[in-house]
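There are 2 protein chains.
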Amino acid sequence: MSQSYSTSRPCRLRDVPGWDLETDVAVVGFGSSGASAAIEAAAAGARVLVFEVASGHGGTSAMAGGDIYLGGGGGTSAQRANGFEDATEDFFRYMMMAGGPDADEERVRIYAEGALAHHEWLKAQGVPYRDTYIPGKPVMPGTGDCLILSGSEYAWPFKEQARPCPRGHLPEAIGETGGFFLVEALAKRAKALGVEAIFDTRAVALVVDDDGAVAGLVVSTLGERDRFVRARGGVVLCAGGFALNEAMLAQYAPVRKRLADDGLSGGYDDGSGIRLGMSVGGTAIHMDELFITLPFYPPESHVKGILINDKGARFINEDAYGGRVAHFITSQIGDRFYLLVDDAIFQRPSEYSKIEIAAVGETWGDVEAELGLTPGSLTTTVAIYNQHAAKGEDPLFHKDAHWLKSLDEPPYAALACHLKEAYYPFFTLGGLRVRPTGEVLTTDGEAIVGLYAAGRTACGLPRWGKGYSSGMSLGDCTFFGRKAGRSASERARQAGA
Amino acid sequence: MSQSYSTSRPCRLRDVPGWDLETDVAVVGFGSSGASAAIEAAAAGARVLVFEVASGHGGTSAMAGGDIYLGGGGGTSAQRANGFEDATEDFFRYMMMAGGPDADEERVRIYAEGALAHHEWLKAQGVPYRDTYIPGKPVMPGTGDCLILSGSEYAWPFKEQARPCPRGHLPEAIGETGGFFLVEALAKRAKALGVEAIFDTRAVALVVDDDGAVAGLVVSTLGERDRFVRARGGVVLCAGGFALNEAMLAQYAPVRKRLADDGLSGGYDDGSGIRLGMSVGGTAIHMDELFITLPFYPPESHVKGILINDKGARFINEDAYGGRVAHFITSQIGDRFYLLVDDAIFQRPSEYSKIEIAAVGETWGDVEAELGLTPGSLTTTVAIYNQHAAKGEDPLFHKDAHWLKSLDEPPYAALACHLKEAYYPFFTLGGLRVRPTGEVLTTDGEAIVGLYAAGRTACGLPRWGKGYSSGMSLGDCTFFGRKAGRSASERARQAGA
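Protein chains in written order, with this note's numbering: chain A, 1 to 497; chain B, 1 to 497.
There could be a bad hint or two in this list.
Claimed, not checked - List time: in silico DSS-like cross-link candidates among lysine-lysine, alpha-carbon distance up to 30 Å: (1) B:Lys257 - A:Lys257; (2) B:Lys159 - A:Lys420; (3) B:Lys354 - B:Lys405.
Note that these hints are calculated values from the structure, not bench results.
My request is simple: use the sequences and hints to build the entire structure.
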């Protein structure tokens, strides 16, 4: 080997020629997680250095809509102002369902009980919010309004176990720039607290002492020699997920190969944060889980359509959150999917969705024939659906009555939502196993001393593609980013005492 | 911490108080992988110690049917004797498909080209084989015959890309004890070569030097103090998968929660081999993938039935290998599944399968009503199937004509294959990322010096539940166990030179 360390091989403390930089807390990544960690650590009196590979703060958070999943405690100001009451237990139960079969109950409980205070904290950092509400199923409305329905709350089976209400909270922003406004406010606040950011600089290895504790890190800036950074309290990895690392996607999340589109990323989700954690014994969990977007709405009227596979069969209630529907799409054996609509609900899909009209007909039999589907397959699916939808029922898939209507107003159309053709970008949900404190754990559940992680470098609230709801990732990033920053600063304080 | 090491925290070389045992190659686990590694290392002149947590050799291999997936080069002796010709390229293409979206081409190529020689090697070690063939779709026939169809070779889509033939090779054995005979022969051979086995002894930690190279391991025997074992050539981890570790299953393979049955294991698949590898920076891949058995055949006549979900819809060609069908079952939104059969193909399912008769009727409408399915759902599915099956076609799912018949001989029955009720045991396919040499790799693809893995501690040929074919795991265990043993003995030889 040309050098004795890498993102997957730590640098030994004894091999550090000398510290170029010394700090209490070193944060890797200046997106919403890193900014939140830095703010909390600095507010607790710690010296904080943030290393960011890009030339400015923002990360992938800055390209998001900025939606944060909040509720409980009777409701946020936006929920209450719009007549929604949200009990903590409903919020908790929904997030447990959304977390899937390995939902992290301790983490969900802490979040459910702390979300209202977190909302106030976000406001106090300067993140602007209105208390307005947009009904329906908007996806990144871009109006500057706050409260939106951003998950499967009103859809089966979620509505049966948790009283639904909208919980997506968008910052006040111009257009779809809420994520930018969110990180902008947090970064400004961090700087005001004395946090120092070092840009254009990549974390290339962790430094471990003889007991396996993380003592600092090695950073690299183009054109300069590697620098060794001592972090007395610890290193907080907030370097995003691995949506851009095709080798990691192939090994951990091969469902990616069913999708043609790129990973949703600010440009640096190369998995290096996860690899750094693994290099010192941290374990990464749920690495196969992706959030996958769905192209067929907006327009929201298309939720009243029915989604079929290439056998002419439905397989999911179409009113579930897009990420959930997309996952059931990738679980089917074929690659071709059609949304069936009638004249009453049809609107031309946006060019962005890459959805084409695959067939049009005056009868559903015409559409079936034009698609080349087996005679009787599509037509029976539509007949059964229409018969019950006319009565406001969907006995097969339990789509909510709000979205049910008999598709009986010709002309009829099939919109092609094919995998590899329509727009299905994604990001990763798997990451380092951490405690709610941010402590990174080994497979045996031991904490690695001096190492913390948050955001998509960790496996947090969102860990199940079929349950992901918009706002869960940024909620997790900011809430548990804060916890990780606090943990590292507390350790620095103890070390200094 | 009460001690400075564990399966997830290595012991530093400097903390070793002295070597209790010294060897060239230390093998952890005495199943088929460990035995194969030990034989090759010993045959190359290395001193070999095998540490086995149980009181005797065997591991999970010993409870398997003993099926080894072999072919190519024109055909094995059993294939040729029964009129099958098997080109290496067909064998290669099938295994690439079976490996799924991240199939390891280098590994598959080496295996495809080496399988005939490996078969001869197995015979030379004393594993007994007849050259007989049992047609049909036997599952553990228990007759002592050799060649069986053990995968999806004749099923869509596999048959379209690789010329099919049977490739499962069972040792000559009494009843379903082929795996026992296989390991028995290999263990005897290892002992004859001077391999020393230390039973009732668990590997509790790896020993690493200051450069991160593995220098040995710490082993624990009940009632004795921990012993420190120097391994000059390296440690070969052959400790099985994690089918019995519920915490690991929850974190890595939560589909397990849809299954009620236990993991298929000889009793020690606790994931400790994988955790040992991860403790020194090894990465584990495809940890979400399971092999899941299917309860609805034998009898093989039931493959002529049609499998529906709780919406009355088919979702897979029923003639695909059981593990593939089971995976598509777990991909459906509901938990209830029915195999529809008519009087001509019905046989009472074995008690073992835990399959109950859910409904019987003189018409398919009666069956649909008795099951409480939405009117028109099941009946349409059967009508479309029958209409085409009568012509030897299955345009929707491409079931091979051999298994197609119109289900039109009353009485009709629906057999309940419900998840959590019928018999769906499983084992794990994910494990340490390794080169074909057995070298364990970090996420960045660097080899960890002195560490090797094989069998289900590694992620090998089988790495995709939808592609698993019986015999792929034991084939991988024995073939690449040998490679790992050879790599470690070669390193010992170089160190000694």
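Each hint, compared with the structure:
| no. | hint | in the structure |
| --- | --- | --- |
| 1 | B:Lys257 - A:Lys257 | 25 Å, holds |
| 2 | B:Lys159 - A:Lys420 | 24 Å, holds |
| 3 | B:Lys354 - B:Lys405 | 26 Å, holds |
Checked against the numbered hints above, the structure breaks none of them.
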